[in-house]
Amino acid sequence: MNERELTGLMYELLSPKENPECGRLYLELFDKHVLRLEMSKAELDSAKVYGEYPTQFIGRTRYIDLVIITNKRFIPIEVKIEAGSGKSQCDDYLREAQLHTRKNFLNEPPVLYYLTLHGYFPERSSATNTGYGESGDLAIHQDKIYKVTFRTELLPWLEECSQHAPKNFYCRNILSRLLTFIREVTQRTDSQLQVEKIMRNFFTALEKRFDENFCRKYRLEFYAGDEQPYHREILKFFFKGHSAPNIGFRCTDSAGNIIKFESDKELWFCVESYNGGENDFKRKRTLIADFAIYDSSIGNCVCERTDVKRLLDGKNILPQDFIEEYWQKGKKGKKLAGCIGLTELHDAHNNTIDFYDVDKTLRQFRTQEDIICAVDNIMIEIEKLLRRFVYG
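Mapping of the sequence shown onto this note's numbering: position 350 corresponds to residue 350, and the numbering continues sequentially without gaps.
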């Protein structure tokens, strides 16, 4: 199945016009699993779905794979199986969405949903202005382009749709074809599935150690609410795109106030394991703990060393050697992706942890006891790092 056929079938399921029996329900489920916009009943009722929506700039016509237009927003969706994006393609799509939003006085700023098999962000040449910002800016602007994948978003949507299969044979057949195809292309080897299970057990055990007392002691905002990112990130860990299962907390001062540098920038503490995909930053794949300045205006971390130094230097928030190390490594051309005070973590035998190395991981974590012993040692290393944050 190619991209055009895939998006055509998605359109026929989503469009209330093409699928009057279940289109409205499938659109609501699409919002639940893929868009995550929490649309109201009134907004969903106002929605219109378009396949191959035309855009035209500087004499070229391009077609957005899917567009959903409601009484509040213009939602462009670009779908990729294997191919990359053309030059300025994502920029053009965002510009079309912005023009429509302004012309029709819609309330919500547009975001391009980039739905791919492997979880890739579009190439810099495709999203020069909207995805990557100013020249030299390392951070991907996720406030403009939002990555979603076949396995983490599209598959759960189709599976819930199948629980409400239409009586209409044609639409039921479309749903069956899509579900079969997505399951086939998102399959994992038995070994990879075993490692995914190990990772879930590992991060679940680690998260439990960050209880309310621990967070209060080390000035972290106690986590409550939605799932930590590792649940979804594990599902795409063995794709080629970027994935970093992690546990993250906002850092606070001695009075319990969240540390803010500007209105949209906060200090976070993270434990994360990177899969090596889209390795623009030349990061190691081993499990690490680090601090990061999260910028909510772009939905990503501050990466530029000059910005990190400007925001932290001499402020007595993080140890000065963390800042200097980030600065000096940046001078040498190393890109640390906003990981400040980066510390490698080790299992009970002082071995690094690289979940992407399947054979090593299966040897390293044969039992749940191996996981618990590793977590015990990791918490000792994490506390050593956090003591430096709290006590200097």
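Hints in this document: simulated from the structure, not taken from any laboratory. It cannot be assumed that every hint is accurate.
As the list claims (entries may be wrong) - Taking lysine-lysine pairs in the DSSO-like style, the calculated list, with each CA pair at most 27 Å apart, reads:
id: 1; residue 1: 332; residue 2: 360
id: 2; residue 1: 309; residue 2: 329
id: 3; residue 1: 332; residue 2: 315
id: 4; residue 1: 87; residue 2: 208
id: 5; residue 1: 240; residue 2: 167
id: 6; residue 1: 87; residue 2: 335
id: 7; residue 1: 197; residue 2: 208
id: 8; residue 1: 309; residue 2: 265
id: 9; residue 1: 335; residue 2: 309
id: 10; residue 1: 41; residue 2: 87
id: 11; residue 1: 360; residue 2: 315
id: 12; residue 1: 260; residue 2: 217
id: 13; residue 1: 197; residue 2: 48
id: 14; residue 1: 32; residue 2: 197
id: 15; residue 1: 384; residue 2: 334
id: 16; residue 1: 260; residue 2: 335
id: 17; residue 1: 208; residue 2: 309
id: 18; residue 1: 17; residue 2: 87
id: 19; residue 1: 284; residue 2: 265
id: 20; residue 1: 167; residue 2: 217
id: 21; residue 1: 331; residue 2: 208
id: 22; residue 1: 309; residue 2: 331
id: 23; residue 1: 329; residue 2: 260
id: 24; residue 1: 103; residue 2: 167
id: 25; residue 1: 315; residue 2: 384
id: 26; residue 1: 360; residue 2: 309
id: 27; residue 1: 32; residue 2: 87
id: 28; residue 1: 32; residue 2: 309
To be verified - What follows is a list of derived Cβ distance ranges for each label pair:
id: 29; residue 1: 263; residue 2: 369; range: 26 to 34 Å
id: 30; residue 1: 387; residue 2: 156; range: 34 to 42 Å
id: 31; residue 1: 214; residue 2: 296; range: 19 to 27 Å
id: 32; residue 1: 309; residue 2: 143; range: 45 to 53 Å
All C-beta atoms in this analysis are idealised placements derived from N, C-alpha and C, irrespective of residue type, glycine included.
For each hint, the structure was consulted:
1. 332 x 360: The given pair, whose Cα atoms are some 31 Å apart, is violated under the 27 Å limit.
2. 309 x 329: holds (12 Å)
3. 332 x 315: Holds, because 24 Å separates the two Cα atoms, which is no more than 27 Å.
4. 87 x 208: violated (45 Å)
5. 240 x 167: With a Cα-Cα distance of about 38 Å, the restraint between residue 240 and residue 167 is violated, given a limit of 27 Å.
6. 87 x 335: holds (25 Å)
7. 197 x 208: Roughly 17 Å separates the two Cα atoms, so the pair holds.
8. 309 x 265: OK: residue 309 and residue 265 at ~14 Å, within 27 Å.
9. 335 x 309: holds (14 Å)
10. 41 x 87: At roughly 37 Å apart (the allowed maximum being 27 Å), residue 87 and residue 41 break the hint.
11. 360 x 315: Violated, at about 41 Å.
12. 260 x 217: OK: residue 260 and residue 217 at ~19 Å, within 27 Å.
13. 197 x 48: violated (40 Å)
14. 32 x 197: Holds, at about 25 Å.
15. 384 x 334: OK: residue 384 and residue 334 at ~25 Å, within 27 Å.
16. 260 x 335: holds (24 Å)
17. 208 x 309: violated (33 Å)
18. 17 x 87: At roughly 33 Å apart (the allowed maximum being 27 Å), residue 87 and residue 17 break the hint.
19. 284 x 265: It holds: about 25 Å lies between the C-alpha atoms, which stays within 27 Å.
20. 167 x 217: violated (57 Å)
21. 331 x 208: Violated, at about 38 Å.
22. 309 x 331: holds (12 Å)
23. 329 x 260: holds (25 Å)
24. 103 x 167: Outside the cut-off at roughly 40 Å; violated.
25. 315 x 384: holds (21 Å)
26. 360 x 309: At roughly 37 Å apart (the allowed maximum being 27 Å), residue 309 and residue 360 break the hint.
27. 32 x 87: Answer violated: residue 32 to residue 87 is near 31 Å, above 27 Å.
28. 32 x 309: Outside the cut-off at roughly 39 Å; violated.
29. 263 x 369: 26 to 34 Å: For residue 263 and residue 369 the Cβ distance comes to about 46 Å; the hint is violated.
30. 387 x 156: 34 to 42 Å: holds (40 Å)
31. 214 x 296: 19 to 27 Å: holds (25 Å)
32. 309 x 143: 45 to 53 Å: Distance hint for residue 309, residue 143 is violated at roughly 24 Å.
Hint compliance for this structure: hints 1, 4, 5, 10, 11, 13, 17, 18, 20, 21, 24, 26, 27, 28, 29, 32 are broken, all remaining hints hold.
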